[in-house]
Amino acid sequence: MVAIDANEVSKRYGTLQAVDRVDLTVEEGETFGFLGPNGAGKSTFINMLLDFVKPSHGSVSLFGNDCQGEGVAARSRIGVLPEGYSTFDRLTGRQHVEYAIRSKAADDDPIDVLDRVGIREAADRKASGYSKGMAQRLVLGMALVGEPDLLLLDEPTTGLDPNGAAEIREILREENERGATVFFSSHILEQVEAVCDRVAILQDGELVALDTIEGLRETMGGGTKLVITLDRLEDGTLETIWAVEGVDTAVATEESTVEITCTNDAKMDVIVALHEAGLDVLNFRTEEASLEDMFVEYTGAGR
Amino acid sequence: MSWRALAYKDLHDASRSRTLWLLVALLIVVFGGYTVGHGYLGEETFPAFVAGLAGVVGVFLPVLSLLIGYKSVVHERTSGSLHLTLSFPHSRSDLVVGTLVGRSLVLLAPTLLALALAGVGGVVLYGTEGTVAYPLFLAASALYGLAFVGVAVGLSLSTTADRWITFGALGGYLLLVQLWDNLHSLTLLVLHRFEFAVLTDIPDWALLFRLIKPSESYYRLLRAGFDVSLAGRYVGDVPVYVGWWMALVILVGWIAVPLAVGYRRFRAADL
Chain A
54 MVAIDANEVS KRYGTLQAVD RVDLTVEEGE TFGFLGPNGA GKSTFINMLL DFVKPSHGSV
114 SLFGNDCQGE GVAARSRIGV LPEGYSTFDR LTGRQHVEYA IRSKAADDDP IDVLDRVGIR
174 EAADRKASGY SKGMAQRLVL GMALVGEPDL LLLDEPTTGL DPNGAAEIRE ILREENERGA
234 TVFFSSHILE QVEAVCDRVA ILQDGELVAL DTIEGLRETM GGGTKLVITL DRLEDGTLET
294 IWAVEGVDTA VATEESTVEI TCTNDAKMDV IVALHEAGLD VLNFRTEEAS LEDMFVEYTG
354 AGR
Chain B
1359 MSWRALAYKD LHDASRSRTL WLLVALLIVV FGGYTVGHGY LGEETFPAFV AGLAGVVGVF
1419 LPVLSLLIGY KSVVHERTSG SLHLTLSFPH SRSDLVVGTL VGRSLVLLAP TLLALALAGV
1479 GGVVLYGTEG TVAYPLFLAA SALYGLAFVG VAVGLSLSTT ADRWITFGAL GGYLLLVQLW
1539 DNLHSLTLLV LHRFEFAVLT DIPDWALLFR LIKPSESYYR LLRAGFDVSL AGRYVGDVPV
1599 YVGWWMALVI LVGWIAVPLA VGYRRFRAAD L
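Just so you know, the sequences run in chain order A and B.
Sequential numbering of the first sequence, starting at 54, is according to my numbering.
Sequential numbering of the second sequence, starting at 1359, is according to my numbering.
A hint or two may mislead.
What the hints assert, rightly or not - Restraint ranges, calculated between C-beta atoms of paired labels, are given here:
#1 L69/A / T1524/B: 25 to 31 Å
#2 A1497/B / N216/A: 43 to 49 Å
#3 L1541/B / D76/A: 30 to 36 Å
#4 R178/A / L1380/B: 22 to 28 Å
#5 D162/A / L1532/B: 46 to 52 Å
#6 P90/A / R1521/B: 33 to 39 Å
To be clear, the hints were calculated from the coordinates, so they are not data collected in a lab.
Every residue gets a Cβ at the ideal spot worked out from N, C-alpha and C, and that includes glycine.
Isolated chain A (complex conformation):
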């Protein structure tokens, strides 16, 4: 069964095309990463799934229920960590979870939920006094109530330190093993790389990539990154490298170090070309291209 189905969905605010004909299907059981720089339209897309925002064109559905026409049914099987939320002014952490339990007609124990997200000791304090990270944990806890079939999380690790982010990823992994579909957005790539089966990259409201991480690597010139240290760097050196067939990018990072992304087969050709140009290769190593490199490649960030 399909958990999330977006059908050519668009949202326009005046002259700004926030989301532009996004076609996307997330199957049940997947962990799906929704990537893009800030302002790419990720939250607008998620807000359409939650019916906070009405699409200008197209439609979105969760488990076959149209998010606008059958919003309550669409939201009945999901747990949400929305964007730009604030906690309820005067309620304690425990009362927040109780609201979630009552809203979903679930029978979880509030303390167990708070324990799982690591804020048990703050259960009876007003949530308005929580730090950003604690609030994030609280709302994640509310999302976990009632064993939802889909977790929809907008930038879940915002405000958390690396340890906290790792704890959250662990919870997401557990939920996925339980059978839940996990869909989360992020502009931080390593988090997505670590847990996701598939990723989509959104740029200026458009879907620019939709693939598995391995698939993206393959598309990206075999996914090899070559870091070469030379005895010296001359004016024409980068041009020499670019001239080699199979080279995608070549960037001088330090005085005499060059980072190259290329197909696997081109690696030796690069070394040979440099040698022929009269340069000594002092050291070289290869790395698997990280998603970061691909992300930069796709979205043009940093170019």
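Chain B: place on chain A using the hints.
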């Protein structure tokens, strides 16, 4: 039954507001003060006491209702807690009903308690004659308070501009509590080319116009149960459409119409 979870949360959240408890204390002081003070102000009978108390309720309760309701939805919406509220399987109409019920309970629990206490004081001080109709007074007062909760929540649903919400609440109070009579008179004068005689002998339809003011409807309802001097112009030789049932219709209308208008705008809005 989704609205119940929302009403429960709203009631819990709002009832922990310190400002609100200050208002409740003020309410008890005002009603209690009047109960004692009535002996110096008017006739020392129970119905006269109720009529006087109704005058206090008429001016004071709308302030409380509006304060309780006018930021109910818009505050959640601009702060972002509405995103948290509505990410659960609740519809926007559930939210409206839940908020209305929650805020109504926040208003009515202390108000009815204070009025009941005032009633007991009234019996002690001014005698038992006419006390059988006191529940009617409580019910009518509750409905009167709810009319302004309807106005306030409807206003809160209709926009996110804080300025308009504040102007709306203040303007609503001034128009519906203070200036309606002036508006009524001015309208009559304009329609009758400033012949001032029309103000002493007003046409039948103008009675209904006047009754639309919530406090007039409130007094009209009280008149149905108490032999008091309130709302005298609507009894005797008058058209049937200014009967007590019309007062009931109008007060319910003040709850329903602003809510319906606010909901229409809210339903279509991006949050």
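These are the hints, each one checked on the structure:
1. Look at L69/A against T1524/B: about 30 Å separates their beta carbons, and that is inside 25 to 31 Å.
2. Separation of A1497/B from N216/A is about 59 Å and departs from the stated range, judged on CB atoms against 43 to 49 Å.
3. A beta carbon spacing of about 56 Å between L1541/B and D76/A contradicts the range 30 to 36 Å that was offered as a hint.
4. For R178/A and L1380/B, the hinted distance range of 22 to 28 Å is satisfied, since their beta carbons lie about 24 Å from each other.
5. A hinted range of 46 to 52 Å holds for the C-beta pair D162/A and L1532/B, which are about 51 Å apart.
6. A hinted range of 33 to 39 Å holds for the C-beta pair P90/A and R1521/B, which are about 34 Å apart.
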